[in-house]
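Each protein sequence line maps, in turn, to chains A and B. Numbering follows full-length UniProt numbering, with no gaps: position 148 of the first sequence is 148. Numbering follows full-length UniProt numbering, with no gaps: position 227 of the second sequence is 227.
In short, the hints are calculated from the structure, not lab data. One or more of the hints may lead you astray.
It does not matter which identical chain is meant; a pair holds if it fits inside one copy or across any two.
What the hints assert, rightly or not - Distance condition first, Cα-Cα at most 35 Å in a straight line; then the derived DSBU-like pairs of lysine-lysine:
1. K160 - K19
2. K160 - K140
3. K140 - K19
Number of protein chains: 2
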Amino acid sequence: MERTGAAAVIIGNEVLTAKVVDANGPHLIRRLRETGIPLRSVEIVTDDVDAIVDAVVRARSRAEYVFTSGGIGPTHDDVTVRAVALAMGREVVRLPEMVELIRNRYDSVTGEAMRLADAPEGTVLLHQEGSWFPVLTVDKVFLLPGVPQLFRLQLETVLKQLQGTPVFLRCLYLRLGESTIAAVLDRVALDMPHVAIGSYPVFDAELDYRVKVTIEAAELAQVEEALARIRVGLPADAVVRAE
Amino acid sequence: MERTGAAAVIIGNEVLTAKVVDANGPHLIRRLRETGIPLRSVEIVTDDVDAIVDAVVRARSRAEYVFTSGGIGPTHDDVTVRAVALAMGREVVRLPEMVELIRNRYDSVTGEAMRLADAPEGTVLLHQEGSWFPVLTVDKVFLLPGVPQLFRLQLETVLKQLQGTPVFLRCLYLRLGESTIAAVLDRVALDMPHVAIGSYPVFDAELDYRVKVTIEAAELAQVEEALARIRVGLPADAVVRAE
Chain A
1 MERTGAAAVI
11 IGNEVLTAKV
21 VDANGPHLIR
31 RLRETGIPLR
41 SVEIVTDDVD
51 AIVDAVVRAR
61 SRAEYVFTSG
71 GIGPTHDDVT
81 VRAVALAMGR
91 EVVRLPEMVE
101 LIRNRYDSVT
111 GEAMRLADAP
121 EGTVLLHQEG
131 SWFPVLTVDK
141 VFLLPGVPQL
151 FRLQLETVLK
161 QLQGTPVFLR
171 CLYLRLGEST
181 IAAVLDRVAL
191 DMPHVAIGSY
201 PVFDAELDYR
211 VKVTIEAAEL
221 AQVEEALARI
231 RVGLPADAVV
241 RAE
Chain B
1 MERTGAAAVI
11 IGNEVLTAKV
21 VDANGPHLIR
31 RLRETGIPLR
41 SVEIVTDDVD
51 AIVDAVVRAR
61 SRAEYVFTSG
71 GIGPTHDDVT
81 VRAVALAMGR
91 EVVRLPEMVE
101 LIRNRYDSVT
111 GEAMRLADAP
121 EGTVLLHQEG
131 SWFPVLTVDK
141 VFLLPGVPQL
151 FRLQLETVLK
161 QLQGTPVFLR
171 CLYLRLGEST
181 IAAVLDRVAL
191 DMPHVAIGSY
201 PVFDAELDYR
211 VKVTIEAAEL
221 AQVEEALARI
231 RVGLPADAVV
241 RAE
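Only chain A is shown next, with the shape it has when bound in the complex:
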């Protein structure tokens, strides 16, 4: 598999036990799309070192950029730093720059607060506008906090540094069922491997279509060609509308 695009690992017992609905995953998905960075996978795992190591290793094997959400903090359930270090074969070290920030931040510093200064060896800190806590980055792995406000703030700091490629998208809304259009879509998908064709049936009598077909590619001309080929292959009255 190509190591391009991004992958996300959401560390969250609270999500998997339905205490909160994850907002960071959907937000990341939308912002990466807007930035033009393809997303390979999103995995939600428990606050368990082995599960996080496993997920981060896999994320790094399939994507260039890895975003983690959560498990950054001073309590016993904050194990992301340790897990990311293990996944990358690095030691956990205390960062002098972070020690300084923590000393400036707190009047009296507990030993537990100082845990915030620990990070995988080689971690680079990005200054975070509007917060004393910087973004922890290690070789294209971004360790973002789970608290949604902080996650969003830090994500923007990271995205400013990355370069995306816009994707062109057209949609066709059809009044035929999937079984009837499958052969046409098959043929075009097979002939044009750089175009991503999606087929999404709806089962809602209120809607004026039965299947939405999406056509995407990095080049507009390819999208238009695929769209034209699909239209030609369908019965004349099949298309409710194109967008």
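Fit chain B to the given chain A structure using the hints.
Okay, now just chain B, sitting in the frame of chain A:
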């Protein structure tokens, strides 16, 4: 890792490209919680056979029950059946019982519609109330459709067959920060490994607390003991309220 509980694999290019927000993952999380079946992980992957195989193999290695969402249908992007078969080392076969259902359903059956009859060898069909399309189950892997209405319908059919264990939960809302409470939580978490203790800071001046602590276990007495031990370890005025 113990093979208990459940794991989910959401097959969804449309989710990862921000065309739709995944509703099936959050719904599954909530329903499993209500049923008392612990959820180990939720992974969202692309409509790619290798990625799905990889995710299903991992899900089966960590959980007893595996739920997949999406990629069930007659078009080129519906590859879940093939991927699940590969992940389980089984052949894809045409199920006579499904062929019959499809013939009854459609006046004229295209070759593509007949693809719906293909499933991993050993697939057992569960009758689905309110739908002609049954639930596909293979050795505790449940292949649910991605369309939310159908996903929910089929999920209930599956959950009726599974046995959960209720979990007891208490929450403490604290006016202290995480760094100050970390040592107490550490100690109780270490002493009581069967109790799951979560610590969730909030950064919102409108709220009357700074950290929410969750305490969970299969036995109420353990939850109460952990709660009491945490309270004893904290300063007297630390607790805003308990729930």
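Consistency of the hints with the structure:
no. : hint        : verdict
1   : K160 - K19  : both (32 Å within a copy, 23 Å between copies)
2   : K160 - K140 : within (13 Å within a copy, 44 Å between copies)
3   : K140 - K19  : both (30 Å within a copy, 26 Å between copies)
Checked against the numbered hints above, the structure breaks none of them.
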